[in-house]
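**Student:** Residue numbers (this note's numbering), protein chains in the order written: chain V, 1 to 183; chain L, 1 to 164.
Bear in mind the hints are in silico, worked out from the structure with no lab data behind them. Note that the structure is a prediction, hence the values are computed from the model and not measured. Treat each hint with caution, since some may be false.
Facing chain L, from chain V, some residues (calculated, C-beta under 10 angstroms) [what the hints assert, rightly or not]:
1. Leu12
2. Ala34
3. Gln38
4. Trp73
5. Gly76
6. Lys100
7. Gly126
8. Val134
9. Gly136
Restraint-style ranges between C-beta atoms, simulated for each label pair [claimed, not checked]:
10. V:Phe25 <-> L:Thr106: 21 to 29 angstroms
11. L:Val102 <-> V:Asn146: 45 to 53 angstroms
12. L:Ser80 <-> V:Lys114: 34 to 42 angstroms
13. L:His40 <-> V:Val15: 39 to 47 angstroms
14. L:Gly112 <-> V:Ser49: 34 to 42 angstroms
15. L:Lys134 <-> V:Val11: 18 to 26 angstroms
C-beta atoms are modelled at their ideal positions from N, C-alpha and C, and glycine is treated no differently.
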Amino acid sequence: MKRFLLFLPLVLFIVLGFFLYKGLFLNPQAMPSALEGQPVPEFKLMTVSDSQRVVTKADLKGDVYLLNVWGTWCGGCRVEHPYLLDLAKSDLPIYGINFKDELPAAQQWLKDLKDPYKFTVYDVDGRLALDLGVFGAPETFVVDHNGIIRLRYAGILDSIAWKTTIEPLVRTIKEEARLGKLQ
Amino acid sequence: MRVLMLMVSCIAVLLLSTMAQASSVETYTFTKPEYEVRFHMLNTILRCPKCQNQNIADSNSLISQDLRREVKRLLEEGRSDEQIMEHMMMRYGSFVLYKPKVERITYLLWYGPIGFAIFGLLMLMFVVVRQKRKRQERIKTSSTTDSAMLNDDEQADIDKLLNQ
């Protein structure tokens, strides 16, 4: 027993070392969003394509939809754009949030690269993005039929991210929505 | 000569002052001087979510600019420091605070070091006490057996050698 007690510090050191070693290989940018499980924040902003049109949270419709944060200043968004166009061809609605951008540049972007969004909110001072806990672009939120944010995906949305994380969740939410309607 | 020195030092001071100005990012005017003090305090304890090893006072990323503006807005609304920190935590998670709150999942973080220190001290005490007890036992055994003492023959041999 006494022998064992003497080895306790070594054992503790090894356990601690193991966790610290594992910590070296974690991605520090991968952070859970504080907003997962929370409703989409309220907003009242104009759209990029039509500055007369004012949209609110109530205009975001769909059993499940994506909220995509982008800006013309963001290189990753340009990479991501073709994939969003592909996704838009399916029945999944995508809404854009244009984040800290210039209106003419954003309009030109949608004209040149085509528009995958139902509409894009023009969030010039980043208030909505701040309420969403956005800290960069591109970022994509998956929102369910109750308007609850189910997932935040930070980074470029591509076919790998879609197949591994987003599509399974979208399917689950669709199923939940279907069951909810039956009740 | 003295005039020249004065001029040089004046220019040096001027240069330094412009450098200081360039490092401050944006200027806000506050309705109460108290807000300004709290603004700077909050900016040093809030962590920039994008550039992870800087606080929002140091960082000049887009997100930090936004967060500083948000802090200013909330201060002007008359919110308390706790409310502002809570507001940020609602959006960016506990990551945004350099000093995480004492919660169930942060117990190890907060009390772990104290626990380790106590454990270490206990181990040290245990080892020291045991060593002391061992030494005392050794002294006791050596004094009872008299093994350190010379017997008569040995003593006689030594006396003989010394007297030569």
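**Student:** Please go over all the hints and tell whether each is borne out by the structure.
**Tutor:** The hints, checked one at a time:
1. Checking leucine 12 of chain V against chain L: minimum C-beta separation of about 8 angstroms stays under 10 angstroms; hint holds.
2. Here the hint on alanine 34 of chain V is kept, as its CB sits about 4 angstroms from the closest CB of chain L, short of 10 angstroms.
3. Interface hint at glutamine 38 of chain V: satisfied, since its Cβ lies 8 angstroms from the closest Cβ of chain L, which is below the 10 angstroms cut-off.
4. With a cut of 10 angstroms, the hint placing tryptophan 73 of chain V at the interface with chain L holds, because the nearest CB-to-CB distance is about 9 angstroms.
5. Hint on glycine 76 of chain V is violated. Least Cβ distance to chain L is approximately 13 angstroms, over the 10 angstroms limit.
6. Because the closest C-beta pair between lysine 100 of chain V and chain L is about 6 angstroms apart, less than 10 angstroms, the hint holds.
7. Interface hint status for glycine 126 of chain V: upheld, as the beta-carbon distance to the closest one in chain L is roughly 5 angstroms, under 10 angstroms.
8. The closest approach between the C-beta of valine 134 of chain V and any C-beta of chain L is roughly 8 angstroms, which is under the 10 angstroms cut-off, so the hint is satisfied.
9. Interface hint status for glycine 136 of chain V: upheld, as the beta-carbon distance to the closest one in chain L is roughly 6 angstroms, under 10 angstroms.
10. One distance hint, 21 to 29 angstroms for the beta-carbon pair phenylalanine 25 of chain V and threonine 106 of chain L, holds here, with the actual separation near 22 angstroms.
11. For the hinted restraint 45 to 53 angstroms between valine 102 of chain L and asparagine 146 of chain V, the CB-CB distance of approximately 33 angstroms leaves it violated.
12. Between serine 80 of chain L and lysine 114 of chain V the Cβ separation comes to about 48 angstroms, which falls outside the hinted range of 34 to 42 angstroms.
13. In this structure the hint that histidine 40 of chain L and valine 15 of chain V lie 39 to 47 angstroms apart at CB holds, the actual value being about 41 angstroms.
14. With their beta carbons about 54 angstroms apart, glycine 112 of chain L and serine 49 of chain V fall outside the hinted range of 34 to 42 angstroms.
15. Restraint check, lysine 134 of chain L to valine 11 of chain V: a C-beta distance of roughly 24 angstroms satisfies the suggested window 18 to 26 angstroms.
The structure fails to meet hints 5, 11, 12 and 14 from the earlier list, while all remaining hints are met.
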